[in-house]
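Residue numbers (the working numbering), protein chains in the order written: chain A, 4 to 161; chain B, 8 to 270.
Among the clues, some could well be false.
As the list claims (entries may be wrong) - Only pairs whose alpha carbons sit at most 16 angstroms apart, straight line, appear in this in silico EDC-like list of lysine to aspartate or glutamate: (1) A:Lys56 to B:Glu12; (2) A:Lys53 to B:Glu86; (3) A:Lys96 to B:Glu12; (4) B:Lys234 to B:Glu212; (5) B:Lys209 to B:Glu237; (6) B:Lys234 to B:Asp223.
As the list claims (entries may be wrong) - Ranges of calculated distance between the beta carbons of each label pair, as one might list FRET restraints: (7) B:Asn65 to A:Ile148: 22 to 28 angstroms; (8) B:Lys74 to A:Leu102: 44 to 50 angstroms; (9) A:Pro34 to B:Thr14: 37 to 43 angstroms; (10) A:Val19 to B:Arg55: 15 to 21 angstroms; (11) A:Ile148 to B:Glu83: 25 to 31 angstroms; (12) A:Ile148 to B:Phe29: 36 to 42 angstroms; (13) A:Val18 to B:Ala78: 52 to 58 angstroms; (14) A:Phe117 to B:Gln64: 28 to 34 angstroms.
If you're looking for bench data, these hints aren't it; they were derived computationally from the structure.
Every residue, glycine too, gets a C-beta built ideally from N, C-alpha and C.
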Amino acid sequence: MNSRNKKIFSIISAVVFLIILAGIQISFINPSFIKINLFLILVLYLVLIKQNKPAIILAWFGGILIGINSFSNFGVNSLVLLIIAAIFIVLSKTTFLNLTTKSIVLVGISGVLFYHLLTWALTGGGNLFYFFNNGILVELILTPIALKFFLSFKIRNA
Amino acid sequence: MKKSEFTLWLFFLLLTALFIFFGQNRVISSLQYYLGGILSPIEIISNRAGNWLFFWQNAISNIKSVKESNARLLLENLELYNKISRLSLLEEENALLREQADLRQKNIFTRLANVIGRDFQNNRSFLIDAGANDGIATNMIVISKGKTIIGRIDNVSYGTSKVQTILDTQIRIAAVTTTSNISGLVRGLGSSIIFDLIAKNKKPETGELITSSGTDGIWPKGFIIGKIKEVTSSDNEVFNTANVELLAEPQDFDSVFIIINQQ
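So that you can see chain B by itself, here it is in the shape it has in the complex (with noise of 0.2 angstroms):
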């Protein structure tokens, strides 16, 4: 080593000393702190060329794995639909099966049954799943979640039950206001229902609730079959009638409930 090189080496080395012996000086903390300033950008840069090379190189090396790892992702998640779509299902069946412990609470004893079949071109009948081997028997009456009341049943099979709606117009249910409590009869008339016979002197407010009065002895007490639409009253009839708004049409109902006993 040439003499001016150790001088150079020399200075360096004591510097280096220097350094490291008084590492917490303010000064060389401060060289530090800039240094790593200056660095800081190129390091970030670097960092990120790094991060996306080694993203690469790890996907190209590992092509094979992702393939399968894919693959395999995909079958689950498809196993994950068929589940969430099961889970769909239990959830609507556990909300109509509380409704029906709800029912049973009141002493009103129900049936749950799917809607198998609709009527051509109109609402006034539907058929069920549950028949005569599930203990239906005609005219028993079938109601939503709701408390609404749907229909009766017209005919029973061994399986299956068909099930008149109120919409029919053979169908006739003492009813009553639940407001102003004013009475009279429900009347299908095919495509709509009209609230009957209401007495000259009465007149129900639009919007107000009709449930049934039980009074006929066939419809059960009440239940909710409609709300006033509008109010007709003319002078040359001896009642007034309403024309009633079914609060869910027939075909809306998948699956309906039918009472079995009421005590």
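Bound-form chain A, shown alone (with noise of 0.2 angstroms):
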């Protein structure tokens, strides 16, 4: 397989693979009492690792992927993976250096109270309890910890 071939494949496979991600956010962990956003985990994870562009893409493609099963208006989930992407770009530049477990859980609460308070803003605001509701102490818990899981494997194979 040449590199050319080899880029397509990759690309498919991710495609793939955020489209069953994306199902099994909308019809297994939102129904359910884990309370994450996988997409929002995957994009700050990509932060994290200095992986800027796929970032950018991810946090496109997978908003416009859980935003066909969304209360909001269809994009605006991507609009807020996209501002939360670039928010975590710039931090990452000037804060986020090192990839610390203090640093990890920063970012990984800092992300989630963003995304909720993109999301109250960008829906016309309304009851800000909708949205920083009982599910939100489980994300903010989760959250840090699948990222330091997800980063310990990366440090552990690089």
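Can you join these two chains into the complex? Each is in its own frame, and there are hints to help.
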């Protein structure tokens, strides 16, 4: 397999993977008590490992996919994830230079808070507690844990 | 952020803004529609897997309450079975009481009694749970719910009575056929009955019903005895005779009516 074919194959694999991930997010994770956003975690993970371009593409495509089954306008989820990606790309250059546990936890927590705040703002405001309910506590705990897990796996392989 | 990254980000940002502002556009709606179509099989599989997992997660976490609930339901089930059985008995009793009420409308006063004992290996007599204290007396007529004659009270004690069925050889009932109106006498032969003393020139039809005529002054008029099974006639006999088929065998009854007074 030459490099061109390899690239096409990897793109197709990534798209299929993201579609499966979106299906799992919409039909498996959303109805369950595990309130996590897989695409937010992936975007934050890619930003932390300095894969900025894939992070931006994933933010857009992932947002489009989960936006299919969202109460907000089609594209709002993409916009939220794109803004978050941009914020953390800029912040990672200045603040989160090293992958310490403290920075990972901070990225995870602030990522979740930014996501909910932006969704609240971009969907016309309304009751803030609708976006900051009990589910967010689980998300605030699980997102940094998931980030730490993926990053430790990445560091071990590096 | 590098310039290339910023360009890419800006491109996707504008694309997203386009999606948001022109969300009702046919192209964007079609994209949404097709993406939904691609996602739907994965969503179905994920949903099924999720349902399966949540079911077992619930089952495991609620195993104690499930066991308690199961024990409670078992008890409730047993109680319901008990109620059904009682209702069935009440239904049967209700039907009998309705029959009794129907007879009362025709000025036939009856008393319901249950069969509590039977004769050894024959159906000539049986025991009922009504006796002298219930107003039962000898020679009272015993009928079934279909106004069919079963027999008469032969012996009365305080709380029970012995019924002599029409199969008994001592039984004689003046009878008449319902269609051809042929008179005769029904006699018990021990295990069956015959319609005897039919005039030589009369021949009842097979299957014709025989009822009591009341002319003997003992058995009330209009009660069914049985139906003609087979007519026998011979030149050297003065009368014709017919074998009678009972509509119901005496051992089939669990409860009977005793005619107390007929006006």
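Against the structure, the hints come out as follows:
1. About 6 angstroms separates the Cα atoms of Lys56 of chain A and Glu12 of chain B, which keeps this hinted pair within 16 angstroms; it holds.
2. This hinted pair does not check out: Lys53 of chain A and Glu86 of chain B have alpha carbons roughly 70 angstroms apart, beyond 16 angstroms.
3. Using a Cα cut-off of 16 angstroms, the hinted pair Lys96 of chain A and Glu12 of chain B holds, with the two alpha carbons roughly 13 angstroms apart.
4. About 10 angstroms separates the Cα atoms of Lys234 of chain B and Glu212 of chain B, which keeps this hinted pair within 16 angstroms; it holds.
5. Between the alpha carbons of Lys209 of chain B and Glu237 of chain B the distance comes to roughly 14 angstroms, so the proposed pair stays at or under 16 angstroms and holds.
6. A C-alpha spacing of about 20 angstroms is found between Lys234 of chain B and Asp223 of chain B, which places the hinted pair above 16 angstroms, so the restraint is violated.
7. Between Asn65 of chain B and Ile148 of chain A the C-beta distance comes to about 24 angstroms, which sits within the given range of 22 to 28 angstroms.
8. Range check, Lys74 of chain B to Leu102 of chain A: Cβ separation about 49 angstroms, and the 44 to 50 angstroms hint holds.
9. Our hint of 37 to 43 angstroms for Pro34 of chain A and Thr14 of chain B holds, since their Cβ atoms are close to 39 angstroms apart.
10. A C-beta distance of roughly 20 angstroms is found between Val19 of chain A and Arg55 of chain B, which places it inside the suggested range of 15 to 21 angstroms.
11. Between Ile148 of chain A and Glu83 of chain B, the C-beta spacing of about 46 angstroms breaks the proposed range 25 to 31 angstroms.
12. Distance hint for Ile148 of chain A and Phe29 of chain B: a CB-CB separation of about 39 angstroms, consistent with the stated range 36 to 42 angstroms.
13. For Val18 of chain A paired with Ala78 of chain B, a C-beta distance near 53 angstroms keeps the hint of 52 to 58 angstroms intact.
14. At about 31 angstroms, the CB distance of Phe117 of chain A to Gln64 of chain B agrees with the hint of 28 to 34 angstroms.
Violated hints for the displayed structure, listed by number in ascending order: 2, 6 and 11.
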